[in-house]
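*Asks:* Let chain A serve as the given structure and place chain B on it in line with the hints.
Sequence lines, in order, name chains A and B.
Take the first sequence: its position 67, counting from 1, is numbered 67 in the UniProt record's numbering, and each next residue is one higher.
Take the second sequence: its position 63, counting from 1, is numbered 63 in the UniProt record's numbering, and each next residue is one higher.
I should point out that these hints are in silico values taken from the structure, not numbers from a laboratory.
Among the clues, some could well be false.
Where chains are identical, the list cannot tell them apart; a pair therefore holds if satisfied intra-copy or between any two copies.
[Unchecked claim] Lysine to aspartate or glutamate pairs mimicking DMTMM-like chemistry, simulated, CA-CA at most 20 Å apart:
| id | residue 1 | residue 2 |
| --- | --- | --- |
| 1 | 192 | 39 |
| 2 | 107 | 128 |
| 3 | 192 | 141 |
| 4 | 192 | 166 |
| 5 | 192 | 167 |
| 6 | 192 | 136 |
| 7 | 114 | 196 |
| 8 | 107 | 191 |
| 9 | 107 | 141 |
Since the model is a prediction, treat every value here as computed from it, not as a measurement.
Protein chains: 2
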Amino acid sequence: MHIAFVLYPGMTALDLVGPSQVLCCHPAVEAHYVAGTPDPVRTDSGLVIQPTTTFAELTAPEVLVVPGGGGWRRALDDTALVDYIATAHPAATWTTSVCSGSTLLAKAGILTGKRATTHWAVRDVLVELGAELSTDRVVFDGNVVTAAGVSAGIDMGFALAAAIWDEPTAQQFQLGLEYDPQPPFDTGSPEKAPAEMVAAIRAAVRAA
Amino acid sequence: MHIAFVLYPGMTALDLVGPSQVLCCHPAVEAHYVAGTPDPVRTDSGLVIQPTTTFAELTAPEVLVVPGGGGWRRALDDTALVDYIATAHPAATWTTSVCSGSTLLAKAGILTGKRATTHWAVRDVLVELGAELSTDRVVFDGNVVTAAGVSAGIDMGFALAAAIWDEPTAQQFQLGLEYDPQPPFDTGSPEKAPAEMVAAIRAAVRAA
Numbered sequence: 001m002h003i004a005f006v007l008y009p010g011m012t013a014l015d016l017v018g019p020s021q022v023l024c025c026h027p028a029v030e031a032h033y034v035a036g037t038p039d040p041v042r043t044d045s046g047l048v049i050q051p052t053t054t055f056a057e058l059t060a061p062e063v064l065v066v067p068g069g070g071g072w073r074r075a076l077d078d079t080a081l082v083d084y085i086a087t088a089h090p091a092a093t094w095t096t097s098v099c100s101g102s103t104l105l106a107k108a109g110i111l112t113g114k115r116a117t118t119h120w121a122v123r124d125v126l127v128e129l130g131a132e133l134s135t136d137r138v139v140f141d142g143n144v145v146t147a148a149g150v151s152a153g154i155d156m157g158f159a160l161a162a163a164i165w166d167e168p169t170a171q172q173f174q175l176g177l178e179y180d181p182q183p184p185f186d187t188g189s190p191e192k193a194p195a196e197m198v199a200a201i202r203a204a205v206r207a208a
Numbered sequence: 001m002h003i004a005f006v007l008y009p010g011m012t013a014l015d016l017v018g019p020s021q022v023l024c025c026h027p028a029v030e031a032h033y034v035a036g037t038p039d040p041v042r043t044d045s046g047l048v049i050q051p052t053t054t055f056a057e058l059t060a061p062e063v064l065v066v067p068g069g070g071g072w073r074r075a076l077d078d079t080a081l082v083d084y085i086a087t088a089h090p091a092a093t094w095t096t097s098v099c100s101g102s103t104l105l106a107k108a109g110i111l112t113g114k115r116a117t118t119h120w121a122v123r124d125v126l127v128e129l130g131a132e133l134s135t136d137r138v139v140f141d142g143n144v145v146t147a148a149g150v151s152a153g154i155d156m157g158f159a160l161a162a163a164i165w166d167e168p169t170a171q172q173f174q175l176g177l178e179y180d181p182q183p184p185f186d187t188g189s190p191e192k193a194p195a196e197m198v199a200a201i202r203a204a205v206r207a208a
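Okay, chain A solo, but in the shape it has when bound (with noise of 0.2 Å):
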């Protein structure tokens, strides 16, 4: 199995990384981290990627994982990146976007009149885009799956490998990355955190 995860400049490296760490659990996959050319790629915390592979020699995936990331408002007007998923999106079994990623499927036609989520500070962006918005954690509409902010790319990646395998297989992946997860602090949505928090971080999300 096939697995694109795509990258750009600027985007944030764990959007990535989360359901690619759950997702290669599975001895079938060949994972190809794919950009426009075969440049290292920067992400927003500076963690330098190399790319296995590049767009035009993986026109086919059979899985599509595209992030978002501080690059998020550049990444929309890249249109060999976006012209990339919307190419991909048809033949493939499954697209998906991490955080603000899901602008990106939005942009590439994929999300007109389905339902979706984003990260919680570009979801009127999202809207904008054409797409229903949820404020769920992990929507799936069909074969396009779309995780809420950053993190939550982890937990659509084991709701996805339940989808492609079963869930004893995608429950085993989670006692193997000792997914258990203990936040210090329960400030991890907007409905939680205070509001002067919620302003600070809207508005560097939306200047990136």
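*Replies:* Frame of chain A; chain B shown alone:
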């Protein structure tokens, strides 16, 4: 603040990207992805990371983060890697590990008589290497912080951010990364998963 995120072949990308994504939310952090040589490092999910810095170029990071992963056993025999950890530790404000990365701290002599945690499948290895085992998800012993398997590095990231800066800062990062986990299953620890699943994963991790 210079943070050394340590790289080696076969490491688990999520072990490192979890804490790096959290800590790099702070604008004062200069993230260095350090390896023995400038050559790209292939992780156990096929993600290839381009080092930004070599061990020789960053001898005194303020924070050291050591991942675990499929390559953990071979890494114990990697003298350059173990020496780097041993040499950097005395000058570091915080020395940390995720998953089986704690076996590398132990091999470097840092965990002798210290409370520490690790991936559940290699707990006995950590004891053999001289640590005082804890099965907690995140363990602070002085300025040494260890996390349990893979995804526990995210929880460690927030706890460490609170210790380095303060709790409101860490809470703000948690909101930014939308860390409000909703695992689809409840099999993330050996105490919760079926015994045959525990045995299968234990064998796989130890054979790596």
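*Asks:* Decide, hint by hint, whether the structure agrees.
*Replies:* Cross-check of the supplied hints:
For a Cα distance limit of 20 Å, the shortest separation of residue 192 from residue 39 qualifies neither inside one copy, at 40 Å, nor across copies, at 43 Å. In this assembly of identical chains, residue 107 and residue 128 lie within 20 Å of each other by CA distance solely inside one copy; the values are 10 Å within and 54 Å between copies. Proximity of residue 192 to residue 141 under the C-alpha cut-off of 20 Å is found in neither arrangement, the shortest distances being 27 Å within a copy and 31 Å between copies. For the identical chains of this complex, residue 192 and residue 166 are inter-copy neighbours only, at 19 Å across copies versus 33 Å inside a copy, given an alpha-carbon limit of 20 Å.
Taking the shortest Cα distances, residue 192 and residue 167 sit within 20 Å of each other only across copies (15 Å), while inside one copy they are farther apart (30 Å). Taking CA atoms no more than 20 Å apart as the test, residue 192 paired with residue 136 passes inside one copy only; the shortest distance there is 15 Å, against 26 Å between copies. In this assembly of identical chains, residue 114 and residue 196 lie within 20 Å of each other by CA distance neither inside one copy nor across copies; the values are 32 Å within and 40 Å between. In the homo-oligomer, the alpha carbons of residue 107 and residue 191 never lie at most 20 Å apart, since the shortest distance is 28 Å inside one protomer and 44 Å across protomers.
For a Cα distance limit of 20 Å, the shortest separation of residue 107 from residue 141 inside one copy, 17 Å, qualifies, whereas the shortest one across copies, 49 Å, does not.
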